[in-house]
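Chemist: Residue strings, one per chain:
There are 2 protein chains.
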Amino acid sequence: MLYEISEKAIQLENQGKKMIKFNLGDPDMPTPPEIIEAAYDAMKQGKTKYSSAAGEKVLREELASIHDVSVDNVVITTGSKWAVFSLMFLLLNKGENVVVPSPHWTSYDLAAKRVGAELRFLKGDLESNWKIDVEKLENLIDEKTRLLILNSPGNPTSKVIDEKTFSEIVQIAKSRGITVMSDEVYADISFVKAKSILDFGDDQILISGFSKIFAMTGWRIGYAIVEKELAQKMIKLNQITTTCVPAFIQYGALKGLETKKKIEDAVRDQFRLRADAATKVLSKAKMNFSRPDAPFYLFPKVDGLDSERFALDLLDSGVAIAPGTAFGDYREYFRIALTVNEEKIREGLETLCEALP
Amino acid sequence: MLYEISEKAIQLENQGKKMIKFNLGDPDMPTPPEIIEAAYDAMKQGKTKYSSAAGEKVLREELASIHDVSVDNVVITTGSKWAVFSLMFLLLNKGENVVVPSPHWTSYDLAAKRVGAELRFLKGDLESNWKIDVEKLENLIDEKTRLLILNSPGNPTSKVIDEKTFSEIVQIAKSRGITVMSDEVYADISFVKAKSILDFGDDQILISGFSKIFAMTGWRIGYAIVEKELAQKMIKLNQITTTCVPAFIQYGALKGLETKKKIEDAVRDQFRLRADAATKVLSKAKMNFSRPDAPFYLFPKVDGLDSERFALDLLDSGVAIAPGTAFGDYREYFRIALTVNEEKIREGLETLCEALP
Numbered sequence: 004m005l006y007e008i009s010e011k012a013i014q015l016e017n018q019g020k021k022m023i024k025f026n027l028g029d030p031d032m033p034t035p036p037e038i039i040e041a042a043y044d045a046m047k048q049g050k051t052k053y054s055s056a057a058g059e060k061v062l063r064e065e066l067a068s069i070h071d072v073s074v075d076n077v078v079i080t081t082g083s084k085w086a087v088f089s090l091m092f093l094l095l096n097k098g099e100n101v102v103v104p105s106p107h108w109t110s111y112d113l114a115a116k117r118v119g120a121e122l123r124f125l126k127g128d129l130e131s132n133w134k135i136d137v138e139k140l141e142n143l144i145d146e147k148t149r150l151l152i153l154n155s156p157g158n159p160t161s162k163v164i165d166e167k168t169f170s171e172i173v174q175i176a177k178s179r180g181i182t183v184m185s186d187e188v189y190a191d192i193s194f195v196k197a198k199s200i201l202d203f204g205d206d207q208i209l210i211s212g213f214s215k216i217f218a219m220t221g222w223r224i225g226y227a228i229v230e231k232e233l234a235q236k237m238i239k240l241n242q243i244t245t246t247c248v249p250a251f252i253q254y255g256a257l258k259g260l261e262t263k264k265k266i267e268d269a270v271r272d273q274f275r276l277r278a279d280a281a282t283k284v285l286s287k288a289k290m291n292f293s294r295p296d297a298p299f300y301l302f303p304k305v306d307g308l309d310s311e312r313f314a315l316d317l318l319d320s321g322v323a324i325a326p327g328t329a330f331g332d333y334r335e336y337f338r339i340a341l342t343v344n345e346e347k348i349r350e351g352l353e354t355l356c357e358a359l360p
Numbered sequence: 004m005l006y007e008i009s010e011k012a013i014q015l016e017n018q019g020k021k022m023i024k025f026n027l028g029d030p031d032m033p034t035p036p037e038i039i040e041a042a043y044d045a046m047k048q049g050k051t052k053y054s055s056a057a058g059e060k061v062l063r064e065e066l067a068s069i070h071d072v073s074v075d076n077v078v079i080t081t082g083s084k085w086a087v088f089s090l091m092f093l094l095l096n097k098g099e100n101v102v103v104p105s106p107h108w109t110s111y112d113l114a115a116k117r118v119g120a121e122l123r124f125l126k127g128d129l130e131s132n133w134k135i136d137v138e139k140l141e142n143l144i145d146e147k148t149r150l151l152i153l154n155s156p157g158n159p160t161s162k163v164i165d166e167k168t169f170s171e172i173v174q175i176a177k178s179r180g181i182t183v184m185s186d187e188v189y190a191d192i193s194f195v196k197a198k199s200i201l202d203f204g205d206d207q208i209l210i211s212g213f214s215k216i217f218a219m220t221g222w223r224i225g226y227a228i229v230e231k232e233l234a235q236k237m238i239k240l241n242q243i244t245t246t247c248v249p250a251f252i253q254y255g256a257l258k259g260l261e262t263k264k265k266i267e268d269a270v271r272d273q274f275r276l277r278a279d280a281a282t283k284v285l286s287k288a289k290m291n292f293s294r295p296d297a298p299f300y301l302f303p304k305v306d307g308l309d310s311e312r313f314a315l316d317l318l319d320s321g322v323a324i325a326p327g328t329a330f331g332d333y334r335e336y337f338r339i340a341l342t343v344n345e346e347k348i349r350e351g352l353e354t355l356c357e358a359l360p
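In order, the protein sequences belong to chains D and U.
Counting from 4, one number per residue, gives the positions in the first sequence under our numbering.
Counting from 4, one number per residue, gives the positions in the second sequence under our numbering.
These are calculated hints, taken from the structure and not from any lab test.
Just so you know, even glycine gets a beta-carbon here, dropped at the ideal spot from N, CA and C.
Don't take each hint at face value.
To be verified - Ranges of calculated distance between the beta carbons of each label pair, as one might list FRET restraints: (1) U:L201 with D:G180: 32 to 42 Å; (2) D:G180 with U:K265: 58 to 68 Å; (3) D:G180 with U:G98: 25 to 35 Å; (4) D:G119 with U:G180: 41 to 51 Å; (5) U:E121 with D:D206: 30 to 40 Å; (6) U:S68 with D:D272: 45 to 55 Å; (7) U:M4 with D:K236: 12 to 22 Å; (8) U:N17 with D:A67: 17 to 27 Å; (9) U:S286 with D:S68: 46 to 56 Å; (10) D:S73 with U:K236: 18 to 28 Å.
Claimed, not checked - Dumping the calculated EDC-like pairs for lysine to aspartate or glutamate here, alpha-carbon to alpha-carbon at most 20 Å: (11) D:K116 with D:E99; (12) U:K50 with D:E99; (13) U:K47 with D:D316; (14) D:K47 with U:E40; (15) D:K47 with U:E37.
Claimed, not checked - A partial selection of chain D residues facing chain U, derived with a Cβ cut-off under 10 Å: (16) G28; (17) V87; (18) T168; (19) V248.
The shape of chain D in the complex, shown without the other chains (with noise of 0.2 Å):
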């Protein structure tokens, strides 16, 4: 449905219609111009040959000093999407499953089904403000369960994951035998200070990447911190699907790092703002929603709402959104995605808040 949603807006747009696109979890901001010189330059001096797979070393050092680990625990892969599924692919065997906090970012589920594994869902809700509840959550682990996901910030809530909930959740995992997959992509721009899943002890499983605080979205690089055999497993991995990601990508990848304060603190500042201007017209149309802790979402709720059918609707009055159901079992919620400007935001939502039915 995200997929037919995004392509018919794409359809409107090339036949002339105005469009305000809230479906994709794609900042609108261009790639720091630094970043893209650091690429070209590498490109120029030659690094477009095959590269490791386990990563460009200088990169991997990095990453190694930011999260206080060492360089055999990371592994650079094609997007964090990569990552999530090259660790599905070697973890998870036919039968098993994996329990996730829902609503869900989407690729969690298709990958998992795609292995063959089963996701287990645990429902959470806007009138509890999307705090998971850790003994329900528990109650879903069963000797198949293999792995658990956490998305702090999380797509699409935008909600933080607070410390003793974390703390609580790692410690169930941990006596049960389970990894954590910890996927922390929004975390250095969330607007309230993010746990990681590292502040826990480092025999679980980190991912993240570059796309969302460095709009690099279409680079298609991520990395994951794990512990040094299952990094070993995925470079394997990675020898015989992706091979690498190109080299001047992550010199691209490695600028941004040395200017990652001041590109972050653009970054979040410009997402706040811009979730202040929603907050306020959702708050003005009494839209019920949970504030977000973090970029770039908001999922609100409408009572007896069929989010699909109002999704496919708002095209024609040029707004497009992501529906609730993709999510998860969401049919009267849907998700905005703030990647457009505050003046766009303003108009986009109200023209929302108009057609609501």
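Assemble the complex: chain D is given as a structure, and chain U must be docked to it using the hints.
Modeler: Positioned in the frame of chain D, the structure of chain U alone reads:
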């Protein structure tokens, strides 16, 4: 073993040793500057966002036109290796098998094993000039055979499959209901005209890429031409794994296609000179080998040789080669990649011939 030798060669280089590296299929030429400039321009124009999992439309259209197929048949992939892996992942079930003439590219074997399939090798030999014995090939096929892989020109022999043999193999595959996966990454720079799988109908699989012809190995871009339904499956798998090839990389490749003839001719000429230089040294040393039909490998045989031991020992003499065991049951053989200049080829091969036990 290939990986071990590659790592040791790099270690020795880092220790200050001068190495002549015949071990990797990575051309020494830089990526043509017009390709680099086109990629840079695309980056600056904002082609840095998520793009289609199928590939950029303009690039798919150009490839469709080159191969005389519909754009719906073209899927851009994260290197031709990802095309191979993802097709095996999509088409093979556990317990099924793949038939492939050997010696063969290592990745076919590793990828098939990784998805739980078995590879069945037709052992070729130098004495028959690496000609495929079609009858023996057919005898390997059983009810569990799903794919038949061809690689013409081939790695590591650089031999082209003649039209009659190619046609016979395709007929057998058709009559037995098996899909042919034809890896043609070296075809455009072949010294002799190589037939394509598309010359025998459009219901099979063509895999190709830009790495070898445009010296773009590290850029990770390749493509598959497959029937429409399979293309849709590949695109869906891309969506949950690699997402897309960075759009700016695709614009680089597109620029390459625009000046294809010029680049191809220059690359082919250079490799022909290198092949001549190499065959001269090897002939003088009375080495047993078949003359290459294409860039960029030689696969000589030395009776009684343990090529793994020889390859390891040879590193101390400053020469890196790939032992034949990396390409199947070929312990007496080794692969020489002509990816260094003529002077180094002469020097390296003379050292090699002297070092032979």
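Chemist: Against each hint, give a clear statement of whether it holds in the structure.
Modeler: Evaluation of the provided hints:
1. Between L201 (chain U) and G180 (chain D) the C-beta distance comes to about 51 Å, which lies outside the given range of 32 to 42 Å.
2. One distance hint, 58 to 68 Å for the beta-carbon pair G180 (chain D) and K265 (chain U), holds here, with the actual separation near 60 Å.
3. Evaluation of the 25 to 35 Å hint for G180 (chain D) and G98 (chain U) yields a pass: the beta carbon distance comes to about 30 Å.
4. The given range of 41 to 51 Å is broken by G119 (chain D) and G180 (chain U), whose C-beta atoms sit roughly 25 Å from each other.
5. In this structure, E121 (chain U) and D206 (chain D) meet the distance hint of 30 to 40 Å, their C-beta atoms being roughly 35 Å apart.
6. A beta carbon spacing of about 47 Å between S68 (chain U) and D272 (chain D) agrees with the range 45 to 55 Å that was offered as a hint.
7. Hint check: M4 (chain U) to K236 (chain D), Cβ distance near 19 Å, so the stated range 12 to 22 Å holds.
8. Distance hint for N17 (chain U) and A67 (chain D): a CB-CB separation of about 20 Å, consistent with the stated range 17 to 27 Å.
9. The given range of 46 to 56 Å is respected by S286 (chain U) and S68 (chain D), whose C-beta atoms sit roughly 54 Å from each other.
10. Between S73 (chain D) and K236 (chain U), the C-beta spacing of about 39 Å breaks the proposed range 18 to 28 Å.
11. A distance of roughly 10 Å separates the Cα atoms of K116 (chain D) and E99 (chain D); the hinted pair therefore holds under the 20 Å criterion.
12. For a cut-off of 20 Å, the pair hint linking K50 (chain U) to E99 (chain D) is broken: about 39 Å separates their Cα positions.
13. Proposed proximity of K47 (chain U) and D316 (chain D) is contradicted: the alpha carbons are some 35 Å apart, above 20 Å.
14. Of the supplied pair hints, the one linking K47 (chain D) and E40 (chain U) holds, its CA atoms being roughly 9 Å apart against a limit of 20 Å.
15. About 11 Å separates the Cα atoms of K47 (chain D) and E37 (chain U), which keeps this hinted pair within 20 Å; it holds.
16. For the restraint placing G28 (chain D) at the interface with chain U, the shortest Cβ-Cβ distance is roughly 9 Å, inside the 10 Å limit, so the hint holds.
17. The interface hint given for V87 (chain D) is met, as the beta carbon of that residue sits about 9 Å from the closest beta carbon of chain U, less than 10 Å.
18. Checking T168 (chain D) against chain U: minimum C-beta separation of about 28 Å lies over 10 Å; hint violated.
19. With 10 Å as the threshold, the beta carbon of V248 (chain D) comes within range of chain U, its nearest partner Cβ sitting at about 8 Å, so the hint holds.
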